[in-house]
Amino acid sequence: MKYYIDTLKGVMVTTRHLVKNVLRREKAGVVTVEYPEKKLTYRPNFRGLHRLTRRPDGTPKCVACFMCETVCPAYCIHIEAEESPDGRIEKRPKVFVIDELRCVVCGLCVEACPEDAIRMDTAVHPPPATGRDEFLYERDVLMSHKGAGPEPPAASGGGRRR
Amino acid sequence: MTTAAAPKEVTLTIDERPAKVPPGTTILEAAKTVGVRIPHFCYHKCLSIAANCRMCLVEVEKSPKLVPACHGRVAEGMVVRTTTPKVKKAQQAVMEFLFINHPVDCPICDQAGECKLQDYFMEFQKQLSRFKEEKVEKAKAQPIGPYIVYDAERCILCTRCVRFMAEIAKDPQLAPVGRGDRSCISTAPGRKLDHPYSLNTVDICPVGALTSREFRFKMRTWFLSNADSICTGCSRGCSVVLQHHQGTAHRYLARENPLVNDSWLCDDGRLGYRRINDHRLKDAAERKGNEMLTLAYDEAVKQAGQTLLEDRGSIGVAISPQVTCEDAFALMRFCADILGVREIHLTGRADWAPDNLLKRADANPNRRGISEIAAALGMKVFDVHALIKAAQNGAFETLLAVGADVPDDIPEILDLKKFETVIVLAERTRGIFEVGDLAIPLAVHAEQDGTMVNAEGLVQRVRPMGRQKNRAVPAWKALSDVAGRMEREFRFAGPDAVFAALAEAVPFFGGMSHASIPAHGAWGAGAAPPERKPLCTPR
Ligand code: SF4
Ligand code: SF4
Ligand code: SF4
Ligand code: SF4
Ligand code: FES
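Chains as they are written, first to last, in my numbering: chain D, 136 to 297; chain G, 685 to 1223.
These are calculated hints, taken from the structure and not from any lab test.
Take these hints with a grain of salt, some might be off.
Here are the simulated lysine-lysine pairs, BS3-like style, with alpha carbons at most 27 Å apart [claimed, not checked]: (1) G/Lys1153 with D/Lys196; (2) G/Lys816 with D/Lys229; (3) G/Lys819 with D/Lys196; (4) G/Lys902 with D/Lys196; (5) G/Lys729 with D/Lys196; (6) G/Lys1153 with D/Lys229.
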């Protein structure tokens, strides 16, 4: 008997919350947004789709140092390096692919990058796609993404540090 | 006063630890014997002492100034301290000076991860540079030879490379030029760093000033795993560390071995790691017309078993001295016990030009091992010409070959096609594979736990990378599977068991086991360790 009473009590609690949430939304502090009719504005530090920043001449700032690939806990970055024709930069990415489907959006690649070459400041989500391959973002696609915030300062050559 | 005989040993204390070493030993080497590590850049065990970097400064009691440990010799009753505040301050100062004009290119520097500057910064400097002026800029990424790129900004002018070229290669192609913060290492005008041992300079350069054009930018060093192995370029069998990542070999580094190669490798051998990756046979294959088509391993084993059963009595056997002792032993036992064949033909790579440092004419690493096994098992050994002749006059119908390498300088090698059936355990889609009818992928030395014997009779281990990008198997495994299809009992529990059986049957390996072979290798029974002049500069 006690079992049935306790069960009923539980159902009552759930029902009370349900009624409250549906009928008196604001007061109940419900945060659900009626997407897509209503959209929230993201905070400036929101981690969106990656992008590769560029030098003033349009080439990638990335020097293919593999820091991001090394730190990535989801193993979703794949880089292949090559010689850069600019002797002071020396090294550049021939291939740079991010598997956005594997990415856990931790932002560690951005933290690790010594060149400010990879950012997650695009303020957009990876758009849906119909195949896994479409989530493999190649170097040139990543470079075409626009940042929502200010651009990084123009880079000095290569990995030079004072 | 009577002159006392020179004492055999000197007793001293290093960081409160008592040490006993022969007189004339340097403090740095003496410290190693009691487990005290003294940081150093310019000192190298096999080169003359330059004592120019001053990283190794230590405090010696009663000496007014700090002493460079790489140069200072031990004396009776000496008290050495390596961690006093004075020493630490000196180390910090040396590091700070080295970094004054250093570009700190680490993100684009191939040495990052194995750089002594990086390591010592974390261990001994631990403070940011106070240098505020403009750094001196020097030439970067200069190709100074066919294999090597030089970066003058990163060079710390330790002259290890210069000393290697002058003292070991005996071809002084490098020299320090210029003065002060403009100085750098250079070849003579119009000359190149192109000695066939030049890549050793990349190995010993403590920083990223010399990088290998071949390895540059292919891989970051921290991704690489190490396997102790040997170079299979020639019958010297130099000790190497094979560095690999996910089943791909990336480079050989010299592994110090005073019995074979000291700290060096020849460039041809060093770059020979590429044969581990290139042209590999990934799956079993059978001939259909002009093509070799992929086949399941089990099916290939079944076909091999059938053919060998049917053609019994008309089978020839070939073995390449590129394969391990384990594979060779399994093959010869298979011949004797199952096929009833008592003759074996040695194939292998063609000889190349030897030199007076390390490289030997026989470009195969295990001819000695295979000969010893063949002799003990009573197999008659013939060369590749006998094999070609047998093919030409139809001495037998079926050829069973383990290892596909053949001397590529003999055009008649194509006559091996004349055998009715060629069954080959092939590492690569080259050599005998090209005339083969049925092929099973064979694991190379870097995919096997095994042994090889160099020309002098030193038995050395090779170890597997642990991951494979193909379905290659060792020959002892493939042959036991084939024997299973022939309804014969021929099994080994694993590589250690193969070697145990080998050590029992072949006196040359008597008493050895995989576990008992030390890192430097073990001399086979009856092998006389050769009179060897170490490739080290005498002190
Ligand atoms: S960490 Fe930055 S510079 Fe380095 S590879 Fe990644 S994006 Fe390129
Ligand atoms: S040599 Fe290369 S890895 Fe070492 S500190 Fe200099 S730039 Fe960095
Ligand atoms: S190139 Fe390397 S080995 Fe040669 S002097 Fe410079 S730092 Fe030393
Ligand atoms: S001497 Fe022979 S074993 Fe040594 S590195 Fe050269 S090819 Fe390899
Ligand atoms: S290692 Fe002693 S001075 Fe360089």
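Evaluation of the provided hints:
A C-alpha spacing of about 34 Å is found between G/Lys1153 and D/Lys196, which places the hinted pair above 27 Å, so the restraint is violated. Distance check on the hinted pair: G/Lys816 and D/Lys229 sit about 35 Å apart at the alpha-carbon level, beyond 27 Å; violated. This hinted pair checks out: G/Lys819 and D/Lys196 have alpha carbons roughly 22 Å apart, not beyond 27 Å. Taken as a hint, the G/Lys902 and D/Lys196 pair is honoured in the structure, with Cα atoms around 19 Å apart against an allowance of 27 Å.
Taken as a hint, the G/Lys729 and D/Lys196 pair is broken in the structure, with Cα atoms around 42 Å apart against an allowance of 27 Å. With a C-alpha separation of about 23 Å, the suggested pair G/Lys1153 and D/Lys229 falls inside the 27 Å cut-off, and the hint holds.
Hints 1, 2 and 5 from the earlier list are contradicted by this structure; the remaining hints agree with it.
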